[in-house]
Structure formats: C-alpha cells, structure tokens
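Just need the whole structure built from these sequences, with the hints factored in.
Residue numbers (the numbering used here), protein chains in the order written: chain P, 1 to 147; chain U, 148 to 471; chain A, 472 to 817.
For the record, the hints were derived by calculation from the structure and aren't laboratory data. Just so you know, not all the hints are guaranteed correct.
[Unchecked claim] Derived EDC-like pairs (lysine to aspartate or glutamate); straight-line CA-CA distance at most 20 angstroms: (1) A:Lys-706 to U:Glu-185; (2) U:Lys-350 to A:Asp-527; (3) U:Lys-212 to A:Glu-702; (4) U:Lys-268 to A:Glu-675; (5) A:Lys-667 to A:Asp-517; (6) U:Lys-268 to A:Glu-669; (7) A:Lys-706 to U:Glu-209; (8) U:Lys-251 to U:Glu-320; (9) P:Lys-130 to U:Glu-469; (10) U:Lys-191 to A:Glu-810; (11) P:Lys-62 to A:Asp-728; (12) A:Lys-706 to U:Asp-189; (13) A:Lys-807 to U:Glu-188; (14) A:Lys-706 to U:Glu-188; (15) A:Lys-650 to A:Asp-557; (16) A:Lys-706 to A:Glu-810.
Since we're looking at a predicted model, the values are computed, not measured.
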Amino acid sequence: MSIEANEEFKPKIVAFCCNWCSYAGADLAGSSRLAYPADVKIIRVPCSCRVNPMFILRAFEKGADGVILCGCHPGDCHYSTGNFYARRRMTMLFSMLDYMGVENGRTRVEWVSAAEGVKFSTTMNEFVQKIHSLGKNVRLGDLRCRN
Amino acid sequence: MQELIARAKELLADGTVARVLGWKAGDLPYNPEPAYFEKEEDFKDFVYNSFCGANLSKFMIEASKLEGKTLVCLKPCDTYSFNQLLSEHRVDRDKAYIVGVGCKGKLDIEKIKKQGIKGIKSISGAEISDEADTLTIDTIYGEKTCAFSDAMLERCHVCKGKEHKIYDEIIGESKETKDAERFAEVERIEAMSPEEKFAFFRKELSKCIRCNACRNVCPACSCRKCVFDSTKFDSSQKANVDSFEEKMFHIIRAFHVAGRCTDCGECSRVCPQGIPLHLFNRKFIKEIDELYGEYQAGETVVEKGPLTSYTFDDVEPGIVAERG
Amino acid sequence: MYKIAKENLSALFRKIAESQELYLPIENCGQVNYGVWTEDANVNIDILKTVKSPKDAFFPQSENLYTCVKEDKKISIKAEQLKEQDFVVFGMKACDIQGVEVLDKVFLSEPVDSFYKARREHGVIVAMACGEPEETCFCKVFGIDPADPKADVATWIIDGELFWKPLTDKGEALTDAVKDVFAEDSSADAKVEAKKEEINKITEQLPYMKLSLEGWNGDSLDEKFNSPVWEELYKPCLACGTCTFVCPTCQCYDIKDYDTGHGVQRYRCWDSCMYSDFTMMAHGNNRNSQMQRYRQRFMHKLVYFPANNDGMYSCVGCGRCVEKCPQSLNIVKVIKAFENQGGEKA
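Structure follows, in structure tokens:
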C-alpha cells in the first residue's frame, strides 16, 4: 500500500455517450486534435436514456472513480424524447447517491452535440480534474475489484 | 368484523364473488396470515384486527387470473397500491370486488416485544371495534400494558388519511393516525454531512441478509423476473460478500419503484432486520414532489407517472451538486 | 463451578479476546446479531434470540473458496486458507447448539467440508441457558432442554451473576485461560438446579412446547408429499428467504463466481429453497412452483432429514421463522395443519 500511496492517482472515468450527438462530438474532438485525458473510457450507447442506473452503479462497483453521461441537447434527441427521460432519471439517481453520502461530483450529465468537439474536450478535462480533486472512489465500489 | 363476515358470506352465496381474500387467525394472538375463503365454513377462522397489516393488493395480480371475482379487503392505504397496479395494468378491476375495511392503525409486534414484553398469551385492545388507547397483554411473566400508538407501525404514524381511494363498498370506520411528519426523517439525514450519511446507511445496510422480503412484498415490485434473480449477474441475489452489494440492491430496488411507490410501508414492515427501507423510497418521493410537482402515486388511476413523463424545462441533474 | 458478576462480564470478554476471536450477540441499529467482540461493541447477552442464528460462526453467509488471478497471460489460483486460530462463540442457546449438530451431520459426513470442519475444530462454544423462553419457542418438541445446554462450557445467569461450568476438554482449557476473572462458588450447584427448575416451569406454560410430531418420519413421505394441504398452506408465501436465512439448521448453499476485473473469485453463499433459482440446472429447475418450493423446505426438515439421519429432525424449535416471517407462516402452522386435516392421501 505504501508504494501505491506514492504513485500518482490515475482516475478511471467512464463516459456513456449517445451514438448520435455526443459520440460524434467525441469524434470531432479527436479529428480536431483537441486533447482530453486518456483516463476517460467511452462507452457508446444508442441514446442517453439507454443508460439505466444499474450501468452507473456497475461502473462504480468495478472500480470507476467517476461516471459521466453525455447525450443530445434537450429537444434534439434522435428519438425525440429519450434524453428527457434520462434527465429525470439521472436527477433521481444523483440525489440518491448524494443522500447516501457519496461525494457530489463523481457523477455528471452533460449535453454535447455532434458539433461541439470543443465542449466535449473541455467537459472531459474539467471532469477529470474534479475527480482528481475528489480522489479515489472508496464509497461506491466492491472491495473484491481492488487490486 | 362480524358485519364484514356476514357481507362476505352474502356475496359469496349470491355468486357475486367466487372467493374472499382476507386474513386467517393464527395460532398466536398476533400472527394472522393472508388467506382465501371459498366456503362458508372457512369463515370460522376469518379475522380482521390491528395485526392484519399485510397489504393484500399484490395478491390481486394472481387473483386477477382466476375464474370469477375476488372480494378483497383493502385498508385505506392499500387502495393506493391497488390504484397503482390498475394504472400499470397489472390487476383487473372487473375481477375485484373491493371492500374498504376500516383501519385505526396497525400494530407491529416487534415494537411490543422491544418493550420487553414476552411470553405473550393474549392481547386485548387490538380488535378493530375496540377504541382502547392501551393494549393489555397477558403474558406468562404477568400482565403488561403498552400504549397503542407506541406499538403502531412506522407507516401509521405518517398515515395518508382515512379515505379509501377505490372501493365497491366500505365496511367499518377508519381513523387517521398521523402524528409525525412524513419527511422528517429524510430531512434529518439530508442535513448530515456526507461522512455521516455514509456511515448511517452503511450501518443500517450492514444488517441486510438479502432475504429479498422487501422486494417480494412490494406491490410495485411486480416484474415477473427481477434483474437480481438473473443467473447472468455476478453480484446477484443472495450473498452479502461486500457492502457494495446491499447498496446497489437497495438503490435499484427503490429506484425501480420511484414514482410508483405509494409509500405503503410494507418494505419496512417485513424487514427481519428492521432496516428503515422507507427512507429510500421517501427520498425519491420527496425529490419528485420538489422537482416535478406534488405527486402521490395511487391517488387515482393515471396514464403516466413522474418518471415516465417530462417537461422541456425540467431541472438538470447538476442541481443535486449545486444545492449542496 | 465458577461465577462472575454480570457487570464485570466485559472483563471476561476482554480476557477471552486477548488470545482469540470472540463472537457474541451484539446490538447494531436496534437488532441483535452475533458479531466479533470489540471494545466498543454494544453487547447484549440478555437477548433470547438473535435475528440470525449463530451458525454464521461456523458456516458464514458467504465465504470465498478460492481466487483466480490473471496477470498478463498467466492465471494463478490462490486457495482460501482454512481457519487456523481458535475462536469462542459466547451465549449460544440450547436450540442453536442442536442446530450446529444438524450442520455437523451434513458437513462432517463424507465428503467432509474442510472449511466447516476447520471452524468446528477451532470453535469453542460457551452455551447459555435460556432465561425467559418465549411463546414462539418449541425446542422441547425436539428433545432439547433450554435450561441445561450441552456445549464446551455451560453458563447460567442467576440474580445478576453468571455461573460458568466447563463440560469438555476444550471448555476446561478456555476456563484455565480466563480463570483470573472468576470467583469460585461452592453453593452454585444448588442455585443452578433451582434455576433449571424455574426455567422448566416456564416452558410448561408455553403454547408450542407440546406440539406433536407424530407421523413426521420417512415412512410418511408419500402421504405427506402428495397431501392437498400444501396447496392451501403455501398461498400467502412471498418467496422471500427470511425463514431460511434466520434458521439455525438451513444448510443449502450456492457457489458463484464473481468477476473482479482482474480475476475471478469463487465464493459460496447461503441459498434458499424459497428462491426461483434454487438448484437451477442446465435443463431448468426441478421445482417450478412456489408450492413445490414451500413443500420442499418443510419436507426436508421434518421428513427427508430424519429419514437420512436416524430420526434427527432438522428443526430445533428456535422459533425464529415464527417471529420473522413477513406473512406469519411457519413450521408450527404446517405441523398443526397436518394434525387437523389428517394429511389424507390426495
């Protein structure tokens, strides 16, 4: 453990991105050569409302330090209304996590369109920084998944 | 109770209903069980008293598949659950004959035993017709007394009211037993620091034995197969190897009924370890009330609940962090 | 016989815990369960029944069997170590001790369960006589004497004092190690005898103690199995696992793999015959209705188990299921239902 303490903290971050806007936004960030930390692992989903609360808890269970959900801007959903439902669900989930004493800021929702490569990269940079300041996720996570 | 039995027998005899869903007296003064009555002689065991806490509306899912109507005894708070099940098309209104039974608060035997009352032989004051404020309990260790309100289930202290929300007829008087604020406990936890909140829930959930009683009793938990029963899911159902599993189970359980939970309090009633599970459900109810407008699930039959509808101007999930 | 004042018990616990782990009833958030003693634990030895039985000390609700670790392309397997240190379980009641004997029949007969065996060998049981038995108790039905528990050490609480009597070599050894905190009492035997009589008088009055188990044996298997009574009895059952998880004799377990991301942990955990995936096999499940699952539990306890174990029932009458079932179903109601309705052939 003492060796680990000296090691630099490398957060594991999971980003759920909707296929139509945010994943394309990430693509654009890439092709525009905008940098965002390699700690962010993107999981592509058909729509932000495909993400059920279990996905987020499972990510934390298996060792994620932060989870971010990106979707189309409200009103721009490819399926018309998916992100509206996602918005309500995530509000509920985040408030429950807060209620149970999980640090605020480990979870986040951001609307990123296909044209917002810059927003994607700044959001990810900000989020990684936030997780850095919060440190390792110890409150949500299965001990068995730790090394 | 006699009026109820007489009416049930009458409806059974004239063929209006094929069976009656009520409670059967147990072999101890406080353990009646839900039961079906199909013949007149079955009614010798029929009982309805303050220990009949079980919410019978979930049984109507199965009863809706049976031939003929089922007479079901519902207390005022149970009718909310029935409405909610109707909204979700899980029960058939035409298969139910709802008798709204009177309720003056239901008792929790655990609370009586917590007061050191054991070796119970008989309990008086628990009959629905009694208007006693105290229970007189005859035990092998002598006669004991206990205030009725001290032995009431938690949910009765935040009673939603004495009105039946759906019924075919009402038998018996009801009394509102509310003497505490519904969200007081939730607010107390909200005011804690994250460390305290975390410690509080970890301590409570460390008792969880994963018996799934809270899930199985819940009228809103009516999935044919629960995700936690899946064999393809490695942190599933039974074990409590690590504290995370309980957290995940209880968050998901409460989340899945968010917006549909009528706050009937069955989860907390049945928990063998006395975990205040209603605190999870009530947190969601409170948030829905605050963010999307006051909503009481099961008040009426509705097309859409708060989590299956939306408005363009809903708050962003970031609000949770902003309000601190 | 030795004795110690009740208020000095923490000195005894401290002394025991110096050299070994000590399990005893601890109150946490209003519920009492067996747990490991620590200096700030909220010990409650007055409780008659803990929510969960103390079988956890020998057969934990979940335990690791081994771990596979993946490093690059190599997979190594690390076996879990067997219990090597002695430990003490303090305050077990007569019914729970009989419960451990039931578990012995299952886990110590061939093939022997090495995890269980190691715990049994290293565990010292300090039994405690029941002070105030309750209306849910029916241990006498199974020939258990709540006033005179048989274990490594037997204890009684009489007028604010704990009387301590070692019964086996293991018990003697433990007594030698903690003797300093005790006082000797030559008149103790008389006091204990008086206490036993007092407890027996109480049990006389309890409603379930005279339950009859007539007809519950292997010979009645077909008759009981095919009885129409089950169809009536199971109906309110929620299919939760409360009865099985609070039971001191339920011994079924499941073995599962957990993917840790960098390996696999194989663990076993208690299973419940009330669950839909109990004994799930590739072809599906051999009990696919709740009636069958419900019947299985009671048939196992009262028919199959005695038929295979010289008449020993796998119920000990602790009454936990009577207290905890959310719908007030329990083994007593089952026994009575068969008594009343005769359990005629279908």
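Structure-inconsistent hints, enumerated in ascending order: none
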